[in-house]
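Asker: Sequence:
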Amino acid sequence: MASLNVWEVIDFDPAYRLIGMGWVFKTKCSHLGKIIEHKACLCAQGLTQTAGIYYNKTYLPTRHFNSLQTLIAFAATSSLPFHQIDIESAFLNASLNETFYLLVPQGLDLARDKYCLRHQKALYGLKQAPLAWYDRLESWLASSEFSSCTLDPCVFYKNRNHPLWIYVHVDDIAIFGADALSFKTKVSKEFDIKDIGPSDLMLGVKVTQLHNRIGLDQQHFSNSLLFLYGMQECRPVSTPLPPNNHYLPATEEEALKFKKLVVNYWSANGSINYLSMETLPNLSHSVSLLSQFLENPGVTHWLGFLHVLRYLRDSPDMRLLYSKRPSQGINAYGNADWGNCHVKECCLFSTIAPIVVHGDNQSCINAANGDCNFNNKHMKNVNIQLHFIKEVTVTTMAIHLLGSLYGISSHSPFMANWPYPSPVANMAT
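Reminder that position 375 of the sequence shown reads as 375 in the UniProt record's numbering, one-by-one numbering, no gaps.
Derived by calculation from the structure, the hints in this document are not laboratory data.
Under the rule of at most 25 Å between Cα atoms (straight-line distance), these lysine-lysine pairs were calculated in the PhoX-like manner: (1) Lys184 to Lys158; (2) Lys26 to Lys127; (3) Lys194 to Lys121; (4) Lys186 to Lys121; (5) Lys194 to Lys39.
Label pairs and their calculated CB-CB ranges: (6) Ser291 to Arg112: 43 to 53 Å; (7) Lys34 to Ser284: 26 to 36 Å; (8) Gly270 to Lys34: 19 to 29 Å.
Computed from a predicted model, the values in this text were never measured in an experiment. Ideal Cβ positions, reconstructed from N, Cα and C, are used throughout, including at glycine.
Whole structure, please, built from the sequences with the hints as guidance.
Answerer: Shown next as structure tokens:
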């Protein structure tokens, strides 16, 4: 702090609005759970700050994991190195426009009744400190000919002789490009950095870099969930949810039974949602289904969550793997579907044609009037029962096949009340 000129010691004045300070201690662990280092951070008590007096803007752009996944996929397909650095005491590199007066913290050999501190840098804990650090880093990157991505302000790029991509999350920086070493040399002259080298743990995600392949997994987080809920030795299953299990809102009796379990369904569902958003997209349907009952969960829904944990127990080595493909061809996937006309009800996607938006409020009215187009999967039975029957009665051959296949006789009440001449009689003539 002395080298960064964080504060200035001045005489105490009762007219100053002093902000308290405190120490925060943290243990940093690796993805294997081993202790890497012990950290101590001196933070200001920003909760005592008043909006409009002490600060105005506080927003700091934070990460979008989709952006990081895109850059990792690009690095894998382009055979680009993926390095990582950490800015030491990042916030203290930024200055503030406002002036603050701080109480003397514990550990500093100064009398509180005689001295106080006049703050000059973006100390951790202050409301506007994160934004000040981002502005400081962004201005330096701009001076180094980097441009900010329009969709994600945490992504910077430089398209010169050697393209370089930078992904920023507060003080963690991922570097993608063949010129990563020269960038690290340049940034080390401006900030005090910790060079991690090829990334192996980025924002809680384990990174495995092989030749032209990059794998992402959160096995350590999955194991911590199994330990937290006592499922380390559970019976593994091969599906994220039980088959043929339809979840319904909990009744009053089921809700009372669930309350006796004394578990936090919100936190449990959020943990698997975090996994599905980061590295396990195959859990997305399970999370979507179980999230529908957050307001009124029951024992059945809790058992569904435990089933997801059993699925994690079955596949501890699941990961996202990005690799370099020999070709950039388009892959097409097909699925068996009964009851649909594959010519008239096909889906065409275009970037030029307008996007059709269906209004749910009018769906039932349109179905009753018969004016809607039954393109929805759940409406295909209505399409068969109503429209398909009408179409096949137009020709005599079609109604004859329908009678042979579905057992419809020419003497049935259905045919007797039909307003058109009997097709079977026409065939006889």
